[in-house]
Amino acid sequence: MQPQFRILSDELVPQIIDEAFQLMMDPGIKVQLKEARALLADAGASLDAAREVVQIPEQIARKALDTVPRKFNLYDQDGNPSVRYAGDAVHFDPGSSGVNVLDADTLKHRPATTDDLIKVIQIADVLSQYDAQSTALVCSEIPKEIGDLYRLYLVLLFSKKPIVTGAFSAQNTNVMIDMLATFSGGRQKLAQKPTAVFDVCPTPPLIWSDFGAQSLLDLARAGIPAQIVSMPLAGATAPITLLGSVVQHAAECISGMTIHQLAQPGAPIVWGGAPAIMDMRHGTTPMGAIETAMIDAAYAQVGKSFGFPTHAYMGASDTKIVDYQAGLESGTTAMIGALAGINMISGAGMLDFLACVSPEKLVIDAEAIGMAKRMLEGMQVHTDPLASDMYAGINFKGEFLKQPLTRQLLKEEQYMPSAVIDRGSIRTWEQNGATDTFARAQVRLEQLIDSYQPPDYPQEQVTELQKRVSALAREAGMNQLPEIHR
Amino acid sequence: MNQAIFSAMAQSIMDGDADVAEKLALDALEAGIDPLDAINQGFILGLDKVGELFSAGEAYLPELVMAGEAMKAAVNALEPEMARRGKGREILGKVVLGTIEGDIHDIGKSLVGTMLSVAGFKVFDLGVDVPVLTLIEKAREESADIIGVSALLTTTMVKQRDVVEALEDMNLRAAIKVIVGGAPVTRDWADEIGADGYSQDAMGAVTVAKQLLSATPAQKE
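These protein sequence lines are chains A and B, in that order. The letter at position 341 of the first sequence is residue 341 when you use the numbering used here, and the numbering goes up by one with no holes. The letter at position 11 of the second sequence is residue 11 when you use the numbering used here, and the numbering goes up by one with no holes.
Check before you lean on any hint, since a few could be wrong.
Said to hold, decoys possible - Not close to chain A: a few residues of chain B, all C-beta gaps over 12 Å, as computed: (1) Lys87; (2) Phe124; (3) Gln200.
Claimed, not checked - Simulated coverage check for chain A against chain B, where a stretch passes if three residues somewhere in it have a Cβ under 8 Å from a Cβ of chain B: (4) 276 to 288; (5) 453 to 467.
Since the hints were derived computationally from the structure, they do not count as laboratory data. In this text, a Cβ means the ideal position worked out from N, Cα and C, and glycines have one as well.
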């Protein structure tokens, strides 16, 4: 039995959904894209075109929600369904779109470059705790106009794992779909076995921007999975009450899904988010706050009540270096997300309100994820009776080590952490240099990079992708892409 | 007798009660109190106190924002009389604020506006999705010292550069400083586009604005 955490009572879930439907009528949803407004109006929603506000009646939304697929897979580049967006399946990927990296030598945050992103991709590729890649960093030396697709380009070159990504412009959404299609053998094959999911963000409160709505339409029509990342900020762009923010999240997701399904019924879409409370001393958006994780767990439960695939931003920290705060916030929220049964949990490796990635933290977070996944396996009944047979010949001696069963079941019962987690004696610890977690992660990071193997793509496939991205780079004013050694 | 009124004024700001603040301002005018005295001996003391408590971590953003709103209500009520008497209150400088064209993220920029107002700047907040030329036009019209431009998206951030370039093209670069902010904005980016200042948060924006104007003498409204 997979252990579960349900934060909402059975009475609250329908109340939240009911109020979300009410919000969609009053004040309604602001939809800034004309085509999306037209789709909603054609379906029977009433429209105030001057204010760009649409009132979406419950029955219209419910009809659209009926066609949302309750499950779909993401595939790796070899065609294996390695991520299941379904039920209580739980997966983790690194956080997305950091702009800085924590330099392990200087402990300063500096703008990320190509080499940093490659390092992060390699780590996430080697570590089995990460089920998917993300386009984790924005490379500062790359023109902003192609920053989104360049990240995808690097991930494609360096890893076969499925990808959680997103575009920065409507034009690039289509370019990025084409890049993925290059590796899948065409857009149709990509839609059959999608290798990536695209984040799409409403703007709180209750707004679908031009770009957000356009992304919904483009992804729906291409049949590429969309992931709604609704981010109410409790107390700032959403009500101060945690439940009020969950209601707003639901209204933003339901309205987005309605637009999406009206464009293409049955296209895959995820009930996701990156909400936070607002820190009222600093005006920041703490991802490591317990209330943030509570909103996540609550909205996931609401999404699950419909049977939708789910996503959340958890396992990140707001501290600036990889310290105790990083551990407690990342570990606590990753565990809450896992117990909430969220299908894709993004955020590992991140610091400073999702602005910074630490490759070393990504290595450490894998251990928190390993433990969370072990937790989900639960208390397993391997033997019947549970214990009494194992006392044969024991005679009050601690000799269970000699039992074949001990050797046989060890790996099923215990998650074996890497050397990042210190479980040695104090003498061993002293002999090994008396290091802390961060120093041990630095050592492990080197080992992981050494063990990394680049994907075995046919050269012409790689060349085609490089040509495409080089051409786009030239258009954006960059004559030569950074040299890349795979 | 005036002392009691001044205390009540300060208290109304600390309570964040715009209705009471406005009423006290109107009462003061009726009683013939100099509007500048009402501000400097009354309302502003409440604002200072909230700012102090905020810095000490004992008051929070809602208190600060609502104090700012109450202050605005009081000053608005007093303004016609100040104009009639021909004397304004001393301000640190004028700042035109906006979120760049194509970007509708409001919260960070508005916080910066509140912080600057509370610190004593006169702020013209043009809202979100503001075209570059609109920002510059307003800055010219008000003889502003600073344009503050915010962007939350990596895609819209690129347009912050246009503000700097447009000011250069219009020969206004020497007169108007540019400060940039927003989640993806870094010091490197600010340097790259030739902005004068950058801050990661709203508190820092006040420090940056003060530094930029430290060479400029305070002006009258």
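Against the structure, the hints come out as follows:
1. The claim that Lys87 of chain B is not at the interface with chain A holds, since no C-beta of that chain comes within 12 Å of its own (minimum 34 Å).
2. The Cβ of Phe124 of chain B sits about 21 Å from the closest Cβ of chain A, beyond the 12 Å cut-off, so the non-interface label holds.
3. The non-interface label for Gln200 of chain B is inconsistent with chain A: the shortest C-beta to C-beta separation is roughly 9 Å, within 12 Å.
4. Three residues within the 8 Å Cβ limit are the bar, and the stretch 276 to 288 of chain A against chain B gives 6, so the coverage statement holds.
5. Residues of the stretch 453 to 467 of chain A lying with their CB closer than 8 Å to a CB of chain B number 0, which falls below the three-residue condition for coverage.
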